[in-house]
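**Q** The lines below spell out each chain.
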Amino acid sequence: MALMDFINRLLGRQAPSASTARQRLQLVLAHDRSDLNPELLEQMRREILEVVSRYVEIDTAAGDVSLETEDRVTALVANLPILRARPVEPAPPDETGPPAEQPPVPPEPEWVEPPAD
Amino acid sequence: MTSANARLILICSGKGGVGKTTLTANLGIALARQGESVAVLDADFGLRNLDLLLGLENRIIYTAQDVLAGTCRLEQALVRHKQQPTLSLLPAGNPRMLEWITPDDMRRIAALLAEQFRFVLIDCPAGIEDGFRNAAAAAEEAIVVTTPEVSAVRDADRVIGLLNSMGVKPVQLVLNRVRPEMMANQEMLSVTDVTDILALPLLGLVQEDKQVIVSTNKGEPLTLGEPSTPAGCAYQNVARRLRGDAVPIVDPSTERRGLRSRLRKLMTTRIF
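Read top to bottom, the protein sequences are chains A and B. In terms of this note's numbering, the first sequence is residues 1 to 117. In terms of this note's numbering, the second sequence is residues 1 to 272.
Derived from the structure by calculation, the hints contain no laboratory data. Even glycine gets a Cβ: it sits at the ideal position worked out from N, Cα and C. A hint or two may mislead.
With beta-carbon atoms standing in for the labels, derived distance ranges [to be verified]:
| no. | chain 1 | residue 1 | chain 2 | residue 2 | range |
| --- | --- | --- | --- | --- | --- |
| 1 | A | ARG24 | B | THR229 | 26 to 34 angstroms |
| 2 | A | PHE6 | B | GLY225 | 45 to 53 angstroms |
| 3 | B | PRO248 | A | VAL28 | 26 to 34 angstroms |
Here are some, though not all, of the chain B residues that point toward chain A, as calculated from beta-carbon distances under 8 angstroms [as the list claims (entries may be wrong)]:
| no. | residue |
| --- | --- |
| 4 | ASP157 |
| 5 | ASN185 |
| 6 | LEU189 |
| 7 | MET267 |
Bound conformation, chain A alone (with noise of 0.2 angstroms):
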């Protein structure tokens, strides 16, 4: 906070909104520029969790994935907090295929989680 933002709060004035507007304009420019509208967003988010919640445990209330623009470049996000790595039992098994070969195990996985089903 800036010493006018302060004296703004004292006297009751309103704080300078062009912080504001730049972040809204940042943010609604990110979805125009990629093209996706918010529903296929959601999708892809979703998909993107659970992928993800395959490997690891995630804290998904906390984790995030949004668009962010920089230089007319747009780029996914995706912030995940890891609340810890599942143990073996990597990607869905491949029934036809040849056996996949078994990722190394984490080591000393002191707790066993039921998989997911």
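Assemble the complex: chain A is given as a structure, and chain B must be docked to it using the hints.
**A** Below, chain B alone, put in the same frame as chain A:
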């Protein structure tokens, strides 16, 4: 398609009312005063206004439409400016024309103008539909006009995307209606906010200026005489930069020095 040394410049914005036509008129006159031969083409067939801002509304006999239809020669449709005879206006046609004009028509007109003039400024209609696409088809480079407001910047961004996909370049930015006081108080998007977001080189900064309204009332662009007001000077500088002069851009919101600016700096420093 065009003669080697003509510059076909689209002046566009996406959003209406941000100052496209005012820029076209002032820039056209300024370039002409700086010794260039200039044609301004009103590509806004729906809502033409360039004639009015240049004070030429009573002298229109033929329009771009007549040139395309072959009912007159280009020379007959061009309206030469009285005080600045190196500037000519090619008026837009009838609004009914809008439905059947094509990008090729606009290219034909631009090519005709490019044979005779060094600068061809194309005043683009608002929006991103056919009118925009027709006008943009005739251009080789573009100036995007915007104001430091969220809606204008958003629309400018759409237009920049379309211009990029059409291969129009360079695309440069004119930031219009700047209010230095509001910017300094962070009540308005700053110059760097807008240039960072749109990622375009800045060609000019034009301050909000009451004299713009006075000049449009009279149909006499600010650049017609030696400009004495902030906006008039800014338009003149845009013209000079367009011709390759290195005129520095001064951000009026950070320009003031001395006690006030030091106080302002203190007031906006983060304290916690």
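**Q** Each hint needs a verdict: does it hold in this structure or not?
**A** These are the hints, each one checked on the structure:
no.: 1; hint: A:ARG24 <-> B:THR229: 26 to 34 angstroms; in the structure: holds (33 angstroms)
no.: 2; hint: A:PHE6 <-> B:GLY225: 45 to 53 angstroms; in the structure: holds (47 angstroms)
no.: 3; hint: B:PRO248 <-> A:VAL28: 26 to 34 angstroms; in the structure: holds (33 angstroms)
no.: 4; hint: ASP157; in the structure: holds (5 angstroms)
no.: 5; hint: ASN185; in the structure: holds (6 angstroms)
no.: 6; hint: LEU189; in the structure: holds (5 angstroms)
no.: 7; hint: MET267; in the structure: holds (4 angstroms)
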